[in-house]
Every structure is written in C-alpha cells, then in structure tokens.
Amino acid sequence: MTHRFTFLEDVALADTAFQASGDSPSELILAATQAVIETMVNPDTVSPRWHRTIEHQAPDLPSLLFDWLSDIVYLKDAHGVVFHEATAVVTEDRPHGGWNARGHLTGETVDPSRHELRADVKAVTKHLYEVRRDDDHWIARVVLDI
Amino acid sequence: MKLSTSMTLNRITDEVWEIPASEKAGMLVPARIYATEQILSTMDSGVFEQVTNVACLPGIRRYALCMPDGHWGYGFPIGGVAAFDTLDGVISPGGVGYDINCGMRLIRTDLTLADVRPRLEQLMTELFRRVPAGVGSKGFVRLDRRKFEEIMRKGARWCIDQGYGWHEDLSRIEEQGCIPGADPSKVSDRAVERGISQLGTLGSGNHYLEVQVASNDRIFDPQTAAALGITGHDQIVVMVHCGSRGFGHQVASDYLKVFEKAMRRYGIAVKDQQLACAPFRSPEGQDYFAGMNCAANSAFANRQVITHQVREAFSSVFGRPAESLGMNVVYDVAHNIAKVERYAEGELVVHRKGATRAFGPGRPELSDRYREVGQPVICGGSMETGSYLLVGTDQAMRDTFGSTMHGSGRTMSRAQAKRSVRGEQLKQQMAQRGIIVKAVSMSGLAEEAGFAYKNIADVVETVERAGITKKVAELRPIGNIKG
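Protein sequences, first through last, are from chains A and F.
Just so you know, the first sequence maps onto residues 7 to 152 in the numbering used here.
Just so you know, the second sequence maps onto residues 97 to 579 in the numbering used here.
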C-alpha cells in the first residue's frame with residue numbers, strides 16, 4: 007500500500023512538517039504514521055523483529071491522531087527502537103461519540119551500522135496542527151519538533 | 097528596508113527595534129527585537145507574530161524580547177525572552193521549549209592544534225565511540241528509577257558523586273549544575289521511561305560535540321579570556337550542545353496537555369495553542385516548574401557525563417590523565433529554561449527559549465570564580481563556521497533581564513538544505529577544509545550545513561554593539577560529532 011504524505015517546506019524552518027491524507031481515517035492515520043517513521047529512519051533498512059500492539063481512544067479524530075503519533079515517539083525512546091511498518095484500523099464509536107484506533111508496529115532495536123538513521127523526533131506539536139475532512143477525503147498537517 | 101511583516105517597528109537604537117503595544121489587540125507591553133537592519137530583514141514573519149503574541153500573556157513585565165538569532169518557534173519564537181511576575185503572571189512550557197535545558201558546555205585543554213592535528217582522526221573516532229549520538233542511542237550509565245530520581249534532584253552533583261567529573265566542575269556550571277525545587281513526583285512514568293537509558297547521549301538535529309581551536313587572532317579580550325582559561329596559541333577546546341533528551345521532551349509534552357485544560361479553568365485565552373500557560377502560583381504552574389527543574393537537572397547531568405567521556409577519550413588518545421591535560425570546564429549554560437530571578441520589578445519567572453542567561457559582573461548568583469568578570473556565555477555557530485565565548489554585562493541586567501543570544505539561528509529549512517548538498521559531499525568538503533566530521537545520519541548532516549544558518553559573526557556583533565554581552569573569543573571547528 008502506498009501511503010500518501012508530503013513533507014512541507016517553509017512551515018517549520020528548524021523542524022519537520024508534513025501533510026498526510028487518506029480516503030478513510032484508517033488510511034490517514036497510517037499515512038501520518040509512515041511520515042513519522044520515515045522522518046526517523048529509512049524503514050527498508052529495518053527488520054520486523056520487535057512487535058507492539060497499540061490502542062488509543064479519544065473524543066475526536068484530531069486528538070486520536072495526536073495521541074497515536076506521540077505514542078510512536080515515546081516508543082522510539084522507551085524501547086530504543088526504529089520502525090519498519092505499521093497497521094491501523096480506526097473506528098468511530100458512534101453511540102458514545104468517540105474514536106478508537108488499534109494497530110500494530112514492527113521494528114527493531116536501533117543499530118546504526120545497519121539502519122539508515124535520520125532525525126530524532128522530540129515531539130509531535132500542536133503548531134499549525136490540523137485534521138480535516140474534504141468530502142470523503144481526510145487530511146492532516148503535522149509539525150514534528152526535531 | 098524590506099521586512100517579512102507589516103507591523104510598525106520603531107528604531108530605539110541601531111540594534112534595538114520596538115513594536116508598540118498598540119500594534120496588536122491584547123498586547124500588555126511592547127515587543128523589542130535585537131537586530132541590525134540587515135538581520136531584521138532576514139527574520140521570518142513568525143518572529144514578529146510570535147513575539148507580539150508573547151506580549152499578550154498575563155503578568156508579563158517590561159517587554160517581550162527576541163534576540164538577533166531569533167526565528168519562528170512553537171508559541172514563543174526561538175531567541176525569545178519574557179519575564180512574568182511570580183504573583184500575577186504565568187509560566188508557559190512554550191516559553192521553554194520541548195528540549196528543557198538544552199544548553200552549551202565548553203571544556204578547555206592545555207593542548208594545541210600542533211599536538212592534536214596528527215591524532216585528530218583517532219581522537220574523533222574515540223569521541224564518536226564514547227559519546228552515543230542519533231536516534232535511539234543509549235548511554236553507558238545503567239540507572240534504575242531510584243537513581244534517575246536522584247539525578248532529577250541533584251543534577252550534575254550526582255555525576256560528581258559517582259566519579260563522572262571533578263568537584264570543581266560544579267562551580268563552572270550555571271546554578272552549580274543543580275536547580276533546587278525539582279520534584280520527581282511531578283514527572284510521568286512515560287517521561288522516565290523515555291529518558292532513563294539516555295544519560296550521556298547527544299541526540300540529533302542541531303546537537304553536536306565539537307573540537308575547536310582558540311587562536312590568538314580570534315581572541316578579542318585577552319584578559320577576560322585568560323580569566324576563563326582561554327589562553328590562545330591555537331589552544332584546543334571542546335564544545336558540547338545537547339539537552340535533557342527524551343525525558344525533557346516528554347515532560348514538556350505532558351504539561352502542554354495539562355495547561356491546555358488549565359487555561360480554561362483559569363479563564364486564560366492565548367493567541368496560539370502552543371502558548372498554553374497557567375498562573376505561576378497555580379498547582380499546575382508549580383507542578384510544571386518542579387517537573388521542568390527535574391528535566392533541567394537531568395540535562396546538566398547529561399552534559400556532565402558527556403564531559404567525563406570526553407576526558408576519557410582525550411586521556412586514552414594522548415596517554416595522559418585528563419587533569420594533566422588541563423581539561424577544566426569553562427562553563428555550562430542553559431538556553432531553554434524558566435527561572436525565578438529578582439529584578440527592579442520584583443521576583444520574576446524569566447523564560448529563555450533559545451536565549452542565554454548573561455549576568456554581568458558582581459551578581460551573587462555567579463560563583464566566586466566568575467563574579468568579577470561576569471558570566472561566561474557560550475554561543476554555538478554552525479558546524480562549518482565558528483562559535484563564540486562571550487561574557488554578560490550590567491547592561492544586559494538593565495535591558496534584557498540578563499539575557500542574550502544562544503547561536504546563529506537557521507535561515508533555511510531542513511528540506512532545502514538537503515536538496516542543496518548531500519551529507520557525504522558536505523563531509524568531504526569539510527575534510528578538505530581540515531574539519532573531520534563523524535555523523536550517525538548523513539541526511540541529518542546535510543540539514544546542518546553552514547549555509548542553512550545566519551552568519552554567527554553578524555549575530556554576535558549585534559549583541560556586542562547593543563551592549564548586552566561582550567565578545568571574548570571566537571572558536572573555530574576542526575572536528576565535529578553529530579547524531
């Protein structure tokens with residue numbers, strides 16, 4: 007599957023910004039996840055030896071995406087890993103008015119001799135943060151502190 | 097003069113520009129930008145927008161300030177300085193930044209370029225091996241939660257107690273490497289989990305460890321330089337730029353969330369979500385201050401452990417103990433921090449984000465060693481140009497809450513820098529100019545190319561002419577380690 011994201015220029019001079027999109031919230035969250043992963047490492051150089059299931063609930067989709075991406079940054083430091091691939095399924099909990107996401111991350115312990123490492127992401131920020139829906143299309147703009 | 101803003105800018109002096117409080121609804125004080133006309137014309141529009149947003153925050157005193165290395169940041173601009181009354185003012189994680197107590201440390205040696213040049217490749221390899229850098233790197237110090245909490249409370253003192261440094265190092269660190277009031281119960285488990293294995297690591301981005309040369313022709317004030325241990329004659333020094341790593345980043349992220357909710361409770365409206373703040377005296381404000389101080393102390397400890405590793409590397413390469421190589425710390429300064437300080441207005445919580453404390457001579461906060469000359473200020477340039485050692489002045493105490501610049505400041509995006517040069521190509525070009533680079537990430541190296549930054553000499557000249565710091569020496573790179 008091709009994840010749709012573009013790194014944005016002149017949005018964050020000292021940091022990294024991207025726009026991700028998808029035809030569903032699941033595709034959106036996957037595209038944004040891939041952008042975060044590729045900011046840190048070339049995922050083709052990482053093997054899927056480390057596995058983690060991640061789950062989040064939030065009152066709205068912007069909060070869900072923000073918490074999800076922040077979790078990836080946390081896992082990178084707490085487990086000393088970089089990532090190979092992610093899966094995610096997002097569902098709207100219509101009766102209760104919230105959003106859920108469940109997915110899987112693979113990767114392995116950082117090894118600079120094998121991994122093509124890029125930037126160490128410090129945080130997902132709320133600067134110019136935006137998640138919006140255009141008809142059946144979902145778009146997010148995210149700035150990462152580097 | 098063509099600017100990136102249409103705001104009114106009144107010239108106060110050739111280096112100080114004021115945006116009046118009438119310029120934007122809600123401004124409580126004017127905004128002042130330190131810049132020459134030339135630097136002002138290169139500043140992005142975010143600087144003007146953000147510094148005037150800061151001027152709207154409750155309890156701000158005198159001015160919202162931006163230093164000449166200023167550029168767009170999160171909420172506050174990088175280069176931002178703002179002081180808030182501790183009784184009716186706020187504290188804001190956006191005024192400190194995600195990398196709490198990101199800062200600079202300078203270590204002197206008795207070695208000269210002639211001693212080091214023949215073994216430079218070996219030295220850089222040894223430093224690269226001993227000081228982990230880049231994504232996911234781990235330090236050699238194994239910690240459990242109890243020990244990590246001691247680091248939060250004791251900062252660099254913990255390192256000295258463990259043998260990672262010399263006792264006299266403490267008198268050469270801002271706050272003697274330990275800020276009181278740190279409370280480990282105010283940081284999350286996630287913050288601890290992110291930071292517990294990262295003590296003694298550099299990180300990536302613009303963080304670095306650099307071997308530099310102090311030559312006679314670049315010493316501007318020999319007497320002050322000598323007082324700081326800088327003797328010239330192609331003397332070798334080592335500069336370290338890094339902060340509190342994942343621990344501090346998580347503390348900042350956690351409290352931004354807390355403050356978003358707290359603002360509603362306290363009826364505070366801000367112009368930008370990243371300016372989330374709470375009254376300094378509120379439970380949330382005090383909790384953040386206690387948690388931020390934990391992260392600040394961990395950053396002092398981080399740079400102390402790196403100093404230990406630097407000494408070990410030099411000792412191993414030159415076959416002599418670090419003591420006999422004269423490897424004393426010159427100074428260690430924070431440039432992302434909020435601190436309670438006393439000024440004419442009373443007790444203020446001074447936020448410096450990409451700005452350095454620059455206390456003038458005689459201040460009681462300075463150790464005896466530097467009370468006469470003023471506080472050393474360390475400003476890092478790009479890895480291709482040079483860095484500067486300066487000292488604080490009385491005028492900084494009067495004009496800028498004892499603050500000055502911190503570095504050169506970016507003018508080009510990371511993506512644009514990567515398009516302009518490849519990491520391998522830049523490494524070769526620098527080697528041809530006598531600078532050996534060891535980098536974990538080649539793309540990260542390209543992002544930090546010298547042309548992506550302002551000319552640090554222009555920035556330093558501005559703060560010197562404005563009188564808020566005094567030039568002591570320029571330090572030129574010969575070896576650089578990057579994440």
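Watch out, some of these pointers could steer you wrong.
Incomplete in silico selection of chain A near chain F, CB under 7 Å [what the hints assert, rightly or not]:
{"id": "1", "residue": "Asp16"}
{"id": "2", "residue": "Leu19"}
{"id": "3", "residue": "Ala20"}
{"id": "4", "residue": "Met46"}
{"id": "5", "residue": "Ala84"}
{"id": "6", "residue": "Gly86"}
{"id": "7", "residue": "Pro118"}
{"id": "8", "residue": "Asp126"}
{"id": "9", "residue": "Ala129"}
{"id": "10", "residue": "Lys132"}
{"id": "11", "residue": "Ile145"}
{"id": "12", "residue": "Asp151"}
{"id": "13", "residue": "Ile152"}
Over 10 Å on every C-beta distance to chain F, these chain A residues come out as not near it, computed from the model [to be verified]:
{"id": "14", "residue": "Ser30"}
{"id": "15", "residue": "Val95"}
{"id": "16", "residue": "Glu122"}
Derived from the structure by calculation, the hints contain no laboratory data.
Positions of the beta carbon are idealized from the N, C-alpha and C atoms, including for glycine.
Do the hints match the structure? See the list:
1. Annotation: interface hint on Asp16 of chain A holds; nearest CB of chain F at approximately 6 Å, less than 7 Å.
2. Using the Cβ-Cβ criterion of 7 Å, the hint placing Leu19 of chain A at the interface with chain F is satisfied: the shortest such distance is roughly 5 Å.
3. Of the supplied interface hints, the one on Ala20 of chain A holds, with its beta-carbon coming within about 5 Å of a beta-carbon of chain F, less than 7 Å.
4. Annotation: Met46 of chain A was flagged as interfacial toward chain F, and the flag holds, the nearest CB pair being 5 Å apart, inside 7 Å.
5. With its C-beta approaching chain F no nearer than about 4 Å, Ala84 of chain A sits inside the 7 Å limit, and its interface hint holds.
6. Because the closest C-beta pair between Gly86 of chain A and chain F is about 5 Å apart, less than 7 Å, the hint holds.
7. Look at Pro118 of chain A: its Cβ gets to within about 5 Å of chain F, closer than 7 Å, so that hint holds up.
8. A cut of 7 Å between beta carbons decides the hint on Asp126 of chain A: the least distance to chain F is about 4 Å, and the hint holds.
9. A distance limit of 7 Å between C-beta atoms decides the matter here; for Ala129 of chain A the minimum to chain F is near 5 Å, and the interface restraint holds.
10. At its closest, the beta carbon of Lys132 of chain A sits 5 Å from a beta carbon of chain F; the interface hint therefore holds under the 7 Å criterion.
11. Taking 7 Å as the C-beta contact cut-off toward chain F, the hint placing Ile145 of chain A at the interface is violated, the least distance being around 19 Å.
12. With 7 Å as the threshold, the beta carbon of Asp151 of chain A comes within range of chain F, its nearest partner Cβ sitting at about 5 Å, so the hint holds.
13. Because the smallest distance between the Cβ of Ile152 of chain A and any Cβ of chain F comes to about 5 Å, under 7 Å, the interface hint for this residue holds.
14. Residue placement check: Ser30 of chain A keeps its beta carbon more than 10 Å from all beta carbons of chain F (closest about 27 Å).
15. Non-interface call for Val95 of chain A relative to chain F: holds, since the shortest CB-CB distance, roughly 24 Å, exceeds 10 Å.
16. Look at Glu122 of chain A: its CB is around 8 Å from the nearest CB on chain F, not clear of 10 Å, so calling it non-interface is violated.
The structure is inconsistent with the numbered hints 11, 16, although it conforms to all the rest.
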